[in-house]
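Work out the full structure: start from the sequences and follow the hints.
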Amino acid sequence: MELFLQALFHGLLLGATYSIIGLGFNLLYSVTGLINFGHGSFLVLSLYAILQLQRSFDIGEPYWAALIVLPAFFALGYILYITLLRPLIGRNVLLAAQLTLGLLFVIDSALLMTFGADRQRVSSSVRADVISLGPVSLRVAVLIAAVSSMILTILFFWMLHRTNFGRSIRAVHENGKAAALCGISIERVRAPAMGLSLAAVAVAGVLLSPTAVLSTSAGLHYTLIALIIVVLGGLGSFEGTFVAALVVGVAESLGAAFFGSTVAAMLPFIVFGVVLMIKPGGLVSNR
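Just so we're aligned: the sequence shown equals residues 0 to 286 in numbering that gives the first Met the number 0.
Heads up, a few of these hints could be off.
Quick list of the computed label-pair ranges, beta carbon to beta carbon [as the list claims (entries may be wrong)]: (1) Ser-108 with Phe-258: 29 to 39 Å; (2) Phe-257 with Asn-163: 41 to 51 Å; (3) Ala-74 with Gly-101: 17 to 27 Å; (4) Gly-89 with Gly-259: 43 to 53 Å; (5) Glu-60 with Gln-5: 20 to 30 Å.
Lysine to any residue pairs mimicking SDA-like chemistry, simulated, CA-CA at most 25 Å apart [what the hints assert, rightly or not]: (6) Lys-278 with Leu-226; (7) Lys-278 with Leu-266; (8) Lys-176 with Gly-235; (9) Lys-176 with Leu-94; (10) Lys-278 with Val-230; (11) Lys-176 with Gly-165; (12) Lys-176 with Glu-186; (13) Lys-278 with Met-265; (14) Lys-278 with Ser-236; (15) Lys-278 with Gly-235; (16) Lys-278 with Leu-245; (17) Lys-176 with Ser-236; (18) Lys-176 with Phe-156; (19) Lys-278 with Leu-11; (20) Lys-278 with Leu-223; (21) Lys-176 with Gly-89; (22) Lys-176 with Arg-161; (23) Lys-278 with Glu-173; (24) Lys-176 with Gly-32; (25) Lys-176 with Gly-280; (26) Lys-176 with Thr-82; (27) Lys-176 with Thr-162; (28) Lys-176 with Met-158; (29) Lys-176 with Arg-90; (30) Lys-176 with Tyr-77.
Just so you know, these hints were derived from the structure itself, not from any lab. Even for Gly, the Cβ is constructed at its ideal location relative to N, Cα and C.
Next up, the structure:
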């Protein structure tokens, strides 16, 4: 029973962090209809950026890197949209998606040439720290990541429902043509949304960095996790993305605890298939 509770709590905490990855992925899809296959590689890029900042500037705890990587990744997303994606979206979304797949391979190859194939870790003083809550022992770094993710998720939903920019996002998602007729500049929504999407993966990178094992080939893995979460929750549904992230996190954690890492890697895909057979529209839908 203790092992189950341990895995359950760890899965919920992991899922909370996964929700940031999924929300960033879904945000871009909501306003552009674009599946960003390079999403996971940008997360890996943020992890290696943190590693390089530690090596070059001795910044100490990786959390301090957020002051640099968050604005940098927002700017990167904004620029990528303006220069590469805007000319394609609206004309050929499929070609734009293929372009993001190309970005995945470009980023992975660049990281491989720069850092090599050996797995690495950022340095962190909280990596080994553990806190006990009754029968459950939780890693402090995982708890920090989950609490931070929850706070950021709440802020995201507040932005989505309480600010003009958030309302514009929802309007463009519901009906882009109608939003444009109402005076909403779609491009002024899409470019910042791309920036926020990459800032979200940078946040996830910062929060995962104390416990993550860095691999230059992990981009596709994180992209698949994001894609599973978003489709499982319902494309365009931010509430569904959050719920699906928790489900995927718990599935991974329970799988690792009871069946080993191989089964744990397969379980999100199994859950994905089972849920979509029962509810094709995703967890949060009427279908």
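Comparing the hints with the structure gives:
1. Distance hint for Ser-108 and Phe-258: a CB-CB separation of about 34 Å, consistent with the stated range 29 to 39 Å.
2. Between Phe-257 and Asn-163 the beta carbons are some 48 Å apart, a value that agrees with the proposed interval 41 to 51 Å.
3. Here the CB-CB span from Ala-74 to Gly-101 is close to 21 Å, well matched to the stated 17 to 27 Å.
4. The hint said 43 to 53 Å for the Cβ distance between Gly-89 and Gly-259, and at roughly 46 Å that hint holds.
5. Taken as a hint, the range 20 to 30 Å holds for the pair Glu-60 and Gln-5, whose Cβ atoms sit roughly 26 Å apart.
6. A C-alpha spacing of about 17 Å is found between Lys-278 and Leu-226, which places the hinted pair at or below 25 Å, so the restraint holds.
7. Distance restraint check for Lys-278 and Leu-266: the Cα-Cα separation of roughly 18 Å lies within the 25 Å cut-off, and the hinted pair is therefore satisfied.
8. Only pairs whose Cα atoms come within 25 Å are accepted, and Lys-176 paired with Gly-235 is accepted, the gap being roughly 17 Å.
9. For the hint pairing Lys-176 with Leu-94, the CA-to-CA distance comes to about 22 Å; that is within 25 Å, so the pair holds.
10. Straight-line distance between C-alpha atoms of Lys-278 and Val-230 comes to about 11 Å, which keeps the hinted pair within the 25 Å bound.
11. For a cut-off of 25 Å, the pair hint linking Lys-176 to Gly-165 stands: about 17 Å separates their Cα positions.
12. Annotation: proposed proximity of Lys-176 to Glu-186 holds, straight-line Cα distance about 12 Å (limit 25 Å).
13. For the hint linking Lys-278 to Met-265, the alpha-carbon distance of about 20 Å falls within 25 Å, and the restraint holds.
14. Annotation: proposed proximity of Lys-278 to Ser-236 holds, straight-line Cα distance about 14 Å (limit 25 Å).
15. Taking the CA atoms of Lys-278 and Gly-235, the gap is near 16 Å; set against the 25 Å cutoff, the hint holds.
16. For a cut-off of 25 Å, the pair hint linking Lys-278 to Leu-245 stands: about 17 Å separates their Cα positions.
17. Our distance criterion of 25 Å between C-alpha atoms is met by Lys-176 and Ser-236, whose separation comes to about 20 Å.
18. The straight-line distance between the Cα atoms of Lys-176 and Phe-156 is roughly 24 Å, inside the 25 Å bound, and the hint therefore holds.
19. About 22 Å separates the Cα atoms of Lys-278 and Leu-11, which keeps this hinted pair within 25 Å; it holds.
20. With a CA separation close to 20 Å, the supplied pair Lys-278 and Leu-223 stays within the 25 Å bound.
21. As the CA atoms of Lys-176 and Gly-89 are separated by approximately 12 Å, the hinted pair is consistent with the 25 Å bound.
22. A threshold of 25 Å between alpha carbons decides the hint, and for Lys-176 with Arg-161 the separation of about 22 Å falls inside it, so the pair holds.
23. The hinted pair formed by Lys-278 and Glu-173 meets the criterion: a straight-line CA distance of about 21 Å does not exceed 25 Å.
24. Distance restraint check for Lys-176 and Gly-32: the Cα-Cα separation of roughly 14 Å lies within the 25 Å cut-off, and the hinted pair is therefore satisfied.
25. Between Lys-176 and Gly-280, the direct Cα distance comes to roughly 24 Å. Compliance with the 25 Å bound is thereby established for this hinted pair.
26. Restraint check for Lys-176 and Thr-82: satisfied, since their Cα atoms lie roughly 23 Å apart, inside the 25 Å limit.
27. A hinted pair counts as satisfied when its Cα atoms are at most 25 Å apart, and Lys-176 with Thr-162 qualifies at roughly 21 Å.
28. For the proposed pair Lys-176 and Met-158, the alpha carbon gap of about 22 Å is at most 25 Å, so the pair holds.
29. Distance hint between Lys-176 and Arg-90 is fulfilled; the C-alpha atoms sit about 15 Å from each other, no more than 25 Å.
30. Taking the CA atoms of Lys-176 and Tyr-77, the gap is near 22 Å; set against the 25 Å cutoff, the hint holds.
Checked against the numbered hints given earlier, the structure satisfies every one of them.
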